[in-house]
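Chains as they are written, first to last, in our numbering: chain A, 67 to 374; chain B, 67 to 374; chain C, 67 to 374; chain D, 67 to 374.
Be a bit skeptical, because a hint or two may be false.
Each pair may be met inside one copy or between any two copies, as identical chains are not told apart.
Capping the alpha-carbon separation at 20 Å, the derived lysine to aspartate or glutamate pairs in EDC-like fashion look like this [stated by the list, open to error]: (1) 153 - 192; (2) 181 - 338; (3) 314 - 296; (4) 357 - 367; (5) 314 - 117; (6) 231 - 207; (7) 153 - 76; (8) 357 - 296; (9) 347 - 296; (10) 231 - 204; (11) 112 - 76.
Treat the hints as calculated values from the structure; they're not laboratory data.
Note that the coordinates shown come from a computational prediction; the quantities given were computed from them, not determined experimentally.
There are 4 protein chains.
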Amino acid sequence: MLETSVDFKEIFLYGKRLFLTSDQCTLHDFPENIAVIRQEGLHSRKLKPSDTTVTVDKVNIGRGGLVIAAGPCAVESEDQMLEIAEKVKRLGADMLRGGAFKPRTTPYSFQGLGKNGITILKQAREITGLPVVTEMMDIADYEAFDNVDMIQIGSRNAQNFSLLKFLGSRNRPVLFKNGMANTISEWLSSAEYLLSGGNEKVVLCYRGTRGFDNATRFNMDSGVIPALRERTHLPICADPSHPAGDRKYVEAIALASVAAGADMLEIEVHNDPDSALSDSKQQLTFMEFEKLVRNARKVADILGSRTA
Amino acid sequence: MLETSVDFKEIFLYGKRLFLTSDQCTLHDFPENIAVIRQEGLHSRKLKPSDTTVTVDKVNIGRGGLVIAAGPCAVESEDQMLEIAEKVKRLGADMLRGGAFKPRTTPYSFQGLGKNGITILKQAREITGLPVVTEMMDIADYEAFDNVDMIQIGSRNAQNFSLLKFLGSRNRPVLFKNGMANTISEWLSSAEYLLSGGNEKVVLCYRGTRGFDNATRFNMDSGVIPALRERTHLPICADPSHPAGDRKYVEAIALASVAAGADMLEIEVHNDPDSALSDSKQQLTFMEFEKLVRNARKVADILGSRTA
Amino acid sequence: MLETSVDFKEIFLYGKRLFLTSDQCTLHDFPENIAVIRQEGLHSRKLKPSDTTVTVDKVNIGRGGLVIAAGPCAVESEDQMLEIAEKVKRLGADMLRGGAFKPRTTPYSFQGLGKNGITILKQAREITGLPVVTEMMDIADYEAFDNVDMIQIGSRNAQNFSLLKFLGSRNRPVLFKNGMANTISEWLSSAEYLLSGGNEKVVLCYRGTRGFDNATRFNMDSGVIPALRERTHLPICADPSHPAGDRKYVEAIALASVAAGADMLEIEVHNDPDSALSDSKQQLTFMEFEKLVRNARKVADILGSRTA
Amino acid sequence: MLETSVDFKEIFLYGKRLFLTSDQCTLHDFPENIAVIRQEGLHSRKLKPSDTTVTVDKVNIGRGGLVIAAGPCAVESEDQMLEIAEKVKRLGADMLRGGAFKPRTTPYSFQGLGKNGITILKQAREITGLPVVTEMMDIADYEAFDNVDMIQIGSRNAQNFSLLKFLGSRNRPVLFKNGMANTISEWLSSAEYLLSGGNEKVVLCYRGTRGFDNATRFNMDSGVIPALRERTHLPICADPSHPAGDRKYVEAIALASVAAGADMLEIEVHNDPDSALSDSKQQLTFMEFEKLVRNARKVADILGSRTA
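All chains should be built: construct the whole structure from the sequences, respecting the hints.
Listed below in structure tokens is the structure:
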């Protein structure tokens with residue numbers, strides 16, 4: 067009955083039946099024990115106080131353990147990707163990352179291998195057994211993402227609402243980065259485009275915002291993580307590679323993110339960073355990544371006991 | 067011969083035959099008298115020193131006269147749009163604006179009338195004879211934009227490179243807004259996605275960037291217009307409505323933009339701003355718009371004689 | 067009686083007897099017809115709706131006519147200053163500017179001529195008859211500013227509350243720049259340190275705020291001027307030289323500031339900009355200044371008729 | 067001989083004889099084995115590769131162990147300060163903080179107890195044996211800071227070069243906060259005003275910069291700490307209280323700062339935060355401080371072994 071009204075939309079989320087309602091609606095319009103959201107949003111802890119866990123293949127994001135996704139900025143070749151995949155697995159990565167469709171600032175930069183890049187990622191997945199996350203920029207490419215475990219929405223598409231609505235209507239895990247100039251509140255409002263379509267598998271990935279100092283590439287405000295944690299039950303990932311802009315700063319930012327409470331890290335690692343076709347300055351060597359993993363897990367262990 | 071190489075792309079732009087080349091290429095690889103771009107980009111004054119004029123129906127943008135596009139934030143109904151269209155025409159507008167597909171911060175806000183909105187815009191166009199500009203967010207909607215005179219790319223899609231590439235391959239006038247956190251250099255690099263597809267009908271529309279003060283909604287840096295003018299030959303529009311965020315400030319920002327050198331203004335005007343379904347605080351009344359047009363044209367006249 | 071309370075402070079401002087009160091105080095604690103301020107502040111239009119005019123020697127700032135102060139970034143020598151002073155007077159300047167005590171980013175840059183610089187400024191004042199504005203950084207230097215007509219507080223000292231309190235207790239005209247990262251609200255709160263000491267001769271000078279794009283030096287948000295105008299009765303000056311950072315952009319920003327409603331401009335002009343000891347890139351040549359003055363006065367005339 | 071030239075200044079710093087030189091000078095103008103600085107600055111690792119330790123009473127800042135300074139935003143009364151001092155000592159603080167002269171955004175807010183506040187701080191120092199750090203805003207107040215162990219320069223005075231020069235010529239430990247809109251490079255250039263006077267006891271204290279999101283008060287960019295570490299040998303402190311703006315976020319930001327490599331933390335703690343006369347929202351309770359100290363020391367221990 068309610069469902070047929072144009073002002074209401076029924077969705078199933080977090081194991082519950084929920085009604086999205088218009089502004090004019092008040093709680094007593096609804097049968098008891100049915101959550102009615104809108105003002106606060108589906109991301110809100112007021113709606114769902116307990117932390118959400120997003121499961122990607124066999125990896126649980128948000129359960130207290132630290133999940134680390136690693137891999138090159140861009141998939142450049144089969145050899146490159148497979149070498150990196152096997153190595154980061156051995157060094158402790160839980161997931162693989164690698165860009166196939168690349169959102170580059172200019173059309174004259176390397177644009178990624180596209181569908182071939184995804185084919186290579188799937189090979190890496192088969193060999194290592196690690197689930198794969200990779201960025202999607204265009205709805206028209208969706209078919210290529212069939213066997214991808216987690217779809218990344220990048221910073222430049224953080225308010226591409228058409229793309230968000232599309233993925234909101236698919237039941238696929240999404241790693242959702244913040245826009246460079248978005249407030250926390252705007253970011254969470256954008257996440258509603260995913261959640262209100264019925265897709266609850268949303269991990270927020272903080273990658274910093276634009277600041278005025280070129281000493282690093284983006285501002286990685288450590289206050290964002292506790293501020294998100296207070297407002298939302300969704301798991302939180304941090305990407306220290308892009309804000310660093312320089313591999314010398316990646317570990318410090320990664321450890322800071324874990325210390326501030328991140329559930330997951332996404333790290334750019336390359337077998338030969340200086341020759342990388344994109345972001346060559348910020349991709350870690352294997353040795354640097356090994357040290358980062360070791361220290362990040364130690365910090366996470368402290369925090370594990372902290373929250374207990 | 068050159069054209070068949072994977073490293074080169076031949077395009078026709080600004081009445082010339084141009085080659086887009088890889089980094090490794092040097093000028094003497096090319097026959098004389100053929101411009102080779104890439105480092106500077108197709109937007110650059112170094113490639114094309116003279117100002118570009120973009121013609122939309124019978125309106126010339128960039129020819130020295132001030133072009134004013136006006137209309138509501140969103141098309142809300144036939145009555146609303148037609149009343150506004152006729153009125154702003156009488157008050158001196160050269161083009162109509164109105165949102166049909168609206169990029170709203172949350173999915174729970176009014177999302178626009180979509181295709182019906184565009185149908186209404188076409189009616190307004192027929193009645194007034196004024197060309198229409200309206201925003202496109204999704205390639206899948208392209209058919210609906212068939213008779214639209216100019217397609218707007220909004221701030222949130224300013225780095226949606228898939229959308230830009232698509233419109234770069236269509237020969238349609240584009241009003242291209244800057245992203246909230248984009249530098250001038252990034253904005254011009256994004257414009258290359260349009261230009262390098264062979265579409266030279268690009269008008270840049272400055273709508274401010276994110277700042278730290280909530281006294282207004284966005285920072286409308288008056289230095290951006292001369293800095294753009296120095297770097298690029300493309301025409302420059304200013305949108306004072308969004309940075310103002312309050313109708314009390316719109317005229318001052320509009321006049322400042324014209325004084326700084328803008329070729330065009332895009333202004334939100336509503337027949338009943340307080341009841342508007344979106345951006346109600348910043349849409350002008352007809353009386354405010356009338357005063358703005360009168361003063362903006364006076365300032366433009368001064369500048370006309372200035373550049374002469 | 068009221069005056070002896072520790073919670074109240076009586077001042078005379080704008081020709082009125084005013085009481086500054088504690089938070090706990092309510093209006094009926096006071097005799098009728100005596101303004102009680104604090105929540106809104108002495109800068110507020112709610113306290114004083116009519117525009118304030120600050121008179122510096124014979125120059126009225128805020129009376130509708132455009133006041134232009136011009137001169138070099140720094141006083142470098144008697145010859146330099148006197149040549150510039152005579153020239154800018156002939157080209158239409160109403161006041162002279164020139165830095166004697168210079169707040170330089172590093173201690174290894176030219177720090178200004180100090181007291182000797184002020185002696186030279188006084189000579190320029192005698193020869194041209196134009197009043198002089200120059201920056202004070204340190205209370206200990208105050209004696210040297212004896213015959214200076216207007217004391218400038220620079221951006222870096224915009225929240226140096228000791229300096230503000232000191233000048234608040236002197237009855238001297240102050241040109242008060244905003245801090246690089248101050249909101250309008252913080253700037254006006256800082257102005258209270260001047261006003262609450264009983265000094266009503268305060269002109270706000272907007273010089274832009276820090277932004278993320280290096281294409282210009284600071285963001286000159288044209289919305290700031292109407293937003294200030296709405297909140298405060300104090301006169302508003304604009305400094306286009308520092309935000310421009312490049313002389314090519316100064317005129318556009320100056321005209322934009324006037325179009326947005328500024329009462330005054332402060333412009334850096336040099337007889338030989340490329341050899342200037344500081345800010346060499348942004349100081350105007352005499353020819354550029356002449357053109358700026360001509361166009362700025364035309365824009366001001368339009369606005370004069372606008373407000374009428 | 068060199069020393070008498072106006073272009074050179076001899077100082078003793080870091081146990082060395084150094085010459086500050088003019089731009090025109092080249093290295094071979096100097097006797098061998100004498101460092102000549104200017105381009106890089108006295109803060110630079112290129113001049114002095116090894117980390118500097120600043121000793122405040124018996125506390126060594128920069129030696130690898132984590133130094134924690136704690137206390138109220140403002141000294142409000144003897145009872146308040148002494149209770150807090152004894153308690154934070156018991157909970158693990160190494161130093162006391164407390165504001166006597168307070169730089170408040172408006173003149174109508176509590177301005178601190180001034181000299182009486184410093185007298186109370188000295189009592190707290192005698193009772194607890196912990197050295198004291200407190201902010202100085204005005205050279206005229208310097209006498210009152212006689213027995214203060216470390217003088218703080220606050221964010222609003224970060225480019226008050228007169229104050230910096232004054233303290234540069236005194237051999238007193240300085241806790242030097244960054245300005246809200248200063249780049250790392252500008253901050254380090256400001257530190258040169260302290261160092262070039264011969265005062266090497268400078269600890270940089272990062273307290274965040276202005277950002278566009280009100281979810282927290284300032285942006286605490288975790289990349290700043292490694293970027294500082296790379297450029298300068300000076301010890302680095304972090305102030306998580308001001309950027310948090312809310313006690314709920316202070317611990318996360320503090321741990322992130324330590325994980326990013328901070329040598330010291332400065333934390334606001336109050337015996338009754340909700341009744342505090344300033345910054346009441348961000349001051350920690352004793353219980354919150356206890357937990358922060360415990361976790362921060364654990365994170366520091368990991369990093370200690372990391373750098374080893």
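Structure-based check of each hint:
no., hint, result
1, 153 - 192, "within (14 Å within a copy, 58 Å between copies)"
2, 181 - 338, "neither (23 Å within a copy, 50 Å between copies)"
3, 314 - 296, "between (31 Å within a copy, 9 Å between copies)"
4, 357 - 367, "both (16 Å within a copy, 16 Å between copies)"
5, 314 - 117, "between (33 Å within a copy, 17 Å between copies)"
6, 231 - 207, "both (15 Å within a copy, 14 Å between copies)"
7, 153 - 76, "neither (46 Å within a copy, 42 Å between copies)"
8, 357 - 296, "between (31 Å within a copy, 18 Å between copies)"
9, 347 - 296, "between (34 Å within a copy, 16 Å between copies)"
10, 231 - 204, "both (12 Å within a copy, 11 Å between copies)"
11, 112 - 76, "within (19 Å within a copy, 49 Å between copies)"
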